[in-house]
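This is what each chain is made of:
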Amino acid sequence: MKLNILMFGITKDIIGQSKLAFELPDRSTVPDLIASLKAKYPALKDLSSMMIAVNNEYGQKDQTLQESDEVALIPPVSGG
Amino acid sequence: MKLNILMFGITKDIIGQSKLAFELPDRSTVPDLIASLKAKYPALKDLSSMMIAVNNEYGQKDQTLQESDEVALIPPVSGG
Amino acid sequence: MEETIWKAVPAIYLTEEPIAVDEVIAAVNSENAGAVDVFIGTVRNSTKERKVVRLEFEAYDSMALREMEKLAQQVRERWPVEKIAIHHRKGVLQIGEVAVVIAVSTPHRKEAFAACQFAIDTLKQTVPIWKKEIFEDGQIWVAAHP
Amino acid sequence: MEETIWKAVPAIYLTEEPIAVDEVIAAVNSENAGAVDVFIGTVRNSTKERKVVRLEFEAYDSMALREMEKLAQQVRERWPVEKIAIHHRKGVLQIGEVAVVIAVSTPHRKEAFAACQFAIDTLKQTVPIWKKEIFEDGQIWVAAHP
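If you read the protein sequences in the order shown, they are chains A, B, C and D.
For the first sequence, the numbering used here assigns the number -11 to the initial residue and increments by one for each residue that follows.
For the second sequence, the numbering used here assigns the number -11 to the initial residue and increments by one for each residue that follows.
For the third sequence, the numbering used here assigns the number 7 to the initial residue and increments by one for each residue that follows.
For the fourth sequence, the numbering used here assigns the number 7 to the initial residue and increments by one for each residue that follows.
These are calculated hints, taken from the structure and not from any lab test.
Using N, Cα and C, we set each Cβ at its ideal position, and we do this for glycine too.
You may find that some hints are simply not true.
Stated by the list, open to error - Lysine-lysine pairs mimicking DSS-like chemistry, simulated, CA-CA at most 25 Å apart: (1) C:K116 / D:K96; (2) B:K49 / C:K76; (3) D:K89 / C:K116; (4) B:K0 / C:K116.
Unchecked claim - Which stretches of chain A does chain D cover? Using the computed rule of at least three CB atoms under 8 Å from a CB of chain D, they are: (5) 4 to 10; (6) 16 to 22; (7) 57 to 68.
As the list claims (entries may be wrong) - Covered by chain D, according to a simulated footprint, are these stretches of chain C (three or more residues, beta-carbon under 8 Å): (8) 72 to 80; (9) 134 to 146.
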C-alpha cells in the first residue's frame, strides 16, 4: 500500500518535504512504519522520540495501518 | 494615656463606632489593651482571633503602647 | 505624530473602582519572562449553598497597602520573580465582579504558579481587608467567628 | 436601543492572530466560580543565555485541536471545573508575544491552580505543536534531540 505521510517540525526538515509518499507492505503496523522510516532516513534515529498519528490520534502499539488512514509523523512536541 | 483605636469589620459593629477613645494606664502593652477591650466588650471574646496593629504593623507580643501610636483593632481578616 | 497616553499602573493597588484585569497583567510584562500566572478572585453567587446577594469589602487602607507591599517583597525573595502586581477591590461588589487580581511573571512556569498561589494564600491571612457577605435574609463578616 | 455585538469566543482555539488574553478570561466567566487561574506563556528574549530573535510555531491543526479538546475534558473530569479555555498561537512570534493562554474557573482557588498547572504541563507533552527558536546565529526545533 502507499501512504501519504504528513511531516511536521524537524521531520519535515530531515525528509525535505511536508508530505511523503511511502510504500509499505499491506497490513503493516505502526512499529513497522517507524522501522521502515528510520531505515530509509537514519537522521530520524537521533530524535528524542518519534510517534505516529493515525487519523488525528496517537497510534497504538501494533495498530495496523490502512491506505485510507491519515498518517502523520510526530517528532517531540514543544508547544506552550 | 488615651488611645484613639480604629475599628474595622465586625469590631466596628460590636463596639458601635469606627474610632474608640480608650483610657489605658501609661506603658500598657498590646496584650494589656486586648485584655482591657475584652473586659469592656465581652462580645470580642467570641471572635476567632483579634490582633492589634500599631502604626500600620501587627503589634508584637509585649510591645509597649504610646499615646502617639496609631492603634487599630484587627478582627480575623477575610480579603481576597 | 500621535501622542501615546501611557497610564502607569501601580503594582500594588487598592481601589473602589472595578479592577481592569488586563492592566494588572500588563503591569507584569517582561521580556525576561516566559510565564505569567494570574489569579482572579471573583464574587460567587453562593456560599455553602446559601445564595449571596452581594459582598462588601472594607479595608484598613494604609496598613493593607503596606501588607500587600510586604507580601510582594516576600514573593520576590522566595522565587525568581520578574514582576508582581496585586490589585484589591473594596466597597460594594456584585456577583461575578472581580475582588482581587494577582499577576506574577517569572522566567519559567513552575515558579509563576508557586509564587502566585503563595501570594493569594498569604494575602488572605495577613492583609487587613474584611469581607461581609450579604444574603437575602442576613449578613455575616466572613471568618469572624469560629 | 443600542445593539450589543456579542463575539463568541471559542473555548479551544488555534490561531495565527495575536491572542486576546481578556477574551480567553471572559470565556471562563461563571457566577458559580470564585476563582480563575490564568496561565500565559510568553516568548522570552533568551534560552540558556542565548539570545532569541523570534519563535516559529507549527501545528498539526486538526490533531492539535483534538488533543486540546481531550485535555480540557480530562481537566473537567479531574477537578470541579466551571469552565476552561485554551488558546494557542501559531506562526511567527516576536519577543514578548503570547504563545498560549489557559484559563480555568472553579468554585474555590486551590482547584483552579491545580487544574491550570496540569493543563499547561500536559499540553506541552501531548499537543502536536512544534516550536522553532531562531537565534542570531542559528535555529533549533525545541526538544527535538536529546
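Taking 8 Å as the C-beta cutoff, is the stated coverage of the region 16 to 22 of chain A by chain D satisfied by three or more residues?
It is violated: at least three residues are needed, and the region 16 to 22 of chain A offers just 0 whose Cβ sits closer than 8 Å to chain D.
Given that the region 57 to 68 of chain A was listed as covered by chain D, double-check it with a C-beta distance under 8 Å for 3 or more residues.
holds (count 8)
K49 (chain B) and K76 (chain C): Cα distance at most 25 Å?
Holds, at roughly 20 Å.
Taking 8 Å as the Cβ threshold, is the statement that the region 134 to 146 of chain C is covered by chain D upheld or broken by the three-residue rule?
violated (count 0)
Do the alpha carbons of K0 (chain B) and K116 (chain C) lie within 25 Å of each other, as the hint requires?
violated (42 Å)
Please verify whether K89 (chain D) and K116 (chain C) have alpha carbons no more than 25 Å apart.
Within the cut-off at roughly 22 Å; holds.
Count the residues of the region 4 to 10 of chain A whose CB lies closer than 8 Å to any CB of chain D, then report whether that count reaches three.
This one is violated; 0 residues, fewer than the three required, reach chain D with a Cβ under 8 Å.
Check the hint pairing K116 (chain C) with K96 (chain D) against an upper bound of 25 Å on the C-alpha distance.
At roughly 23 Å apart (the allowed maximum being 25 Å), K96 (chain D) and K116 (chain C) satisfy the hint.
Check of the region 72 to 80 of chain C against chain D for coverage (Cβ-Cβ below 8 Å, three residues minimum)
n = 0 at 8 Å, threshold three: violated.
Figure legend: structure checked against the earlier numbered hints; hints not met, in rising order: 4, 5, 6, 8 and 9.
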